[in-house]
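K.L.:
The residues making up each chain are set out below.
2 protein chains.
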Amino acid sequence: MKTLKELFAQLSQSQNQTLAVANAQDKEVLSALKQAQELIGISAFLLGKEEKIRQMMAEISMREDNVTVLDYPDPEECALAAVRLVRNGTASILMKGMIDSGIFLKAVIHPDFGLRTESGIIATVAVMETERGFLFITDPGFTPLPSLHQKELLVEQTVQVAKKLGIERPKVALISGAEKVNQKMSSSVEADQLKQMYRQKDIGCVVDGPLSLDIAVSQEAALHKNYCGEIRGDADILIMPSLEAGNVLYKSMVHFAHIPTGGIVTGAAAPIVFTSRSDDAATKLNTIAFACALTKEICL
Amino acid sequence: MKTLKELFAQLSQSQNQTLAVANAQDKEVLSALKQAQELIGISAFLLGKEEKIRQMMAEISMREDNVTVLDYPDPEECALAAVRLVRNGTASILMKGMIDSGIFLKAVIHPDFGLRTESGIIATVAVMETERGFLFITDPGFTPLPSLHQKELLVEQTVQVAKKLGIERPKVALISGAEKVNQKMSSSVEADQLKQMYRQKDIGCVVDGPLSLDIAVSQEAALHKNYCGEIRGDADILIMPSLEAGNVLYKSMVHFAHIPTGGIVTGAAAPIVFTSRSDDAATKLNTIAFACALTKEICL
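Residue numbers (this note's numbering), protein chains in the order written: chain A, 10 to 309; chain B, 10 to 309.
Please note that the accuracy of each hint is not assured.
If several chains are the same, the list does not tell them apart, and a pair holds so long as it fits within one copy or across any two.
[Claimed, not checked] Mimicking PhoX-like on lysine-lysine, the simulated pairs with C-alpha atoms at most 20 angstroms apart in a straight line are:
hint, residue 1, residue 2
1, Lys43, Lys14
2, Lys115, Lys193
3, Lys204, Lys180
4, Lys172, Lys14
5, Lys36, Lys234
6, Lys204, Lys193
7, Lys115, Lys189
Derived by calculation from the structure, the hints in this document are not laboratory data.
Work out the full structure, taking the sequences as your base and the hints as a guide.
P.N.:
This is how it looks when you write it as C-alpha cells:
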C-alpha cells in the first residue's frame, strides 16, 4: 500500500475500530470522526461534557450508531477514563479531544492505569504521502534531543509502523547536517554508531547514516554527490536528530510543499490520535486512518 | 524588490561586479558564470589550472571579454590568491570553484590575508523565493549549534542582507520546536532572551520568538493557534536553532516544494559564492546574483 486512497479503501473493508476520545466536545474533532464514520467505518466512545457533545453532534448531523457518549466533566478524570477504556480493550485507539496536552499525556503515562509499555518511548511519527509513497518522520513532537538509546527505540518503533503500512523492508535514514561524520555534530557521530549497531542486529530494515536530507529523499542529489551508501533518495523513515529539526521538516512539507499528512503517537500500548488545533480537517482524518491501520487487530 | 526576476532586471542595469573564482576548472561553475555574463553582466578572474579553464570555456562557448584567466595549479595557493584579489579590492566577490571546502575556507579565514572581519561570524544564508517574497534562512551550513552571542551576530548580519535586498524593516523569527518557552529546549530559552534583548536595542527590524515554523510562515496557522505576537506568518528571516534544522528546512523547500533558491556566505569582508556540486544550474546563477546585490558598490 502506498497511497492514502489505497489505505482508506482497505480500511473500509476491514473490521471497525473503536476510538476512546478524551474531551470530545470539539467541533473539528467530531467532524473528523464523522468523516471517519462515513469513509472507513469506526465506533467511538466520546467522553467529556455530555450535553455539549450531543449538541455539537446534532449541529454537524453526526450519526449516533456505534457511538457512546459518556459524561466526564472533569478533564483529568475524563482522560483517565478514556485511557482505561483502551487499556482494558474496550477501545483500540485513544484520541485527544479539546484537552490540555499535559493533562492528556499525564493520563497516558499514568504508572498504574496508563498505556506506557516497558520498553517503548512515547513519540510522534508524522506520515507524509509523497510521490514515492509514505515517508515517516520521527520525532517532531515529544523528545527534544533523543539519546542514542532513544534513537534506537525510535528506529524500532517506526520500522514496525512502516511494516504495518505495507513497507516490507523499510529504509531508515539517520538524518544529520551532512553525510560525513563530524565530531562537532553529535548527531553524525551517533548516526554512525547506530548504523554499525544495525549491521550486527537484523530487524528487517536497512539503516544508513549520517545522511543529509537531500541524499535521503532525492535520487538526483545522491547521484550528484556520488553517494554510494544503501539509501540514495529512497528512504522510507527519517530519524531526525532533534525535535526542532523534525518539527521544521514536517511543517515545511505541509506549509510549503502542501504534502498530505497525518501523525500518530507510537510507543504506547495502543495507537494514539494526537492532533493539533492547527491541523486541517484532512490531516485529522488521515491521522485517524493511520491509527486504525496500526491497531493490533488490523492486518492490511 | 520581491522576486528573482526583478533582482535580475535591476542587476542588469547596475555596474558590473567582479568575481574571483578559486579553482575555476569546473564546467558547472563556468556555465553559471556564462549565464551571469549574459543576464546581469559580470567580470571575472578565473584562477586555477589555466589550460583546463580555457579548454572548458571554449567547450561551452563562454565569452572572454571581462575575463582574466590566471594559472594557479596548486589549490591552496589558488584559494589564497583569489582571496587576495578580493581583499585588495580588485574583485568584489569571492567564489568557490572545484576545490575542497576546507582548503577554500582556510584561505577565507587566513589571519593575515583572509576576509574575516573583527565582529562577523562566517555563516550561510539560504534565500528562498516564496510566494510572499524572499525568505532568508540562516545558518544551514557552518555553525552546528550557534551560541546566544552567535545568534545575535546571525540576526544582525542577516538583517543587513535582507535590507540590501529591499526589505525595509525585516521580521526576524527565532525558530524553535514550539512557540512557548520550554526549559528542556535551550533554543526556546535563548529565543526569548534574544527577543528581550532587541526590545532594548533597535536595529531596524522586528524580532519575535520562540516560534514554531508554521506560525512564522503561515498566517493561517498563526490564526488557528490564536498567536498574537509580532510575526504571524509573515517572517522574512528565520534564525534556525541548529545547522541540522536549517539544513533540513532549506533542503525540504528545495526538494519537496521546488522553491527557487540561492545561498550566500555572510560575515566576511565581501560576499562569497559557495555553491555545492548538488546545487542545480539555476541555484548557482541565483547565488551569483544575490552576491552581486550584496556588494558594497551596489545600491539597488
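K.L.:
Now tell me if each hint is right for this structure.
P.N.:
Going down the list of hints, with the structure as the test:
{"no.": "1", "hint": "Lys43 x Lys14", "verdict": "within (18 angstroms within a copy, 47 angstroms between copies)"}
{"no.": "2", "hint": "Lys115 x Lys193", "verdict": "between (36 angstroms within a copy, 17 angstroms between copies)"}
{"no.": "3", "hint": "Lys204 x Lys180", "verdict": "within (12 angstroms within a copy, 41 angstroms between copies)"}
{"no.": "4", "hint": "Lys172 x Lys14", "verdict": "within (18 angstroms within a copy, 46 angstroms between copies)"}
{"no.": "5", "hint": "Lys36 x Lys234", "verdict": "between (49 angstroms within a copy, 16 angstroms between copies)"}
{"no.": "6", "hint": "Lys204 x Lys193", "verdict": "within (19 angstroms within a copy, 27 angstroms between copies)"}
{"no.": "7", "hint": "Lys115 x Lys189", "verdict": "between (40 angstroms within a copy, 19 angstroms between copies)"}
Hint check: no violations occur; every hint is consistent with the structure.
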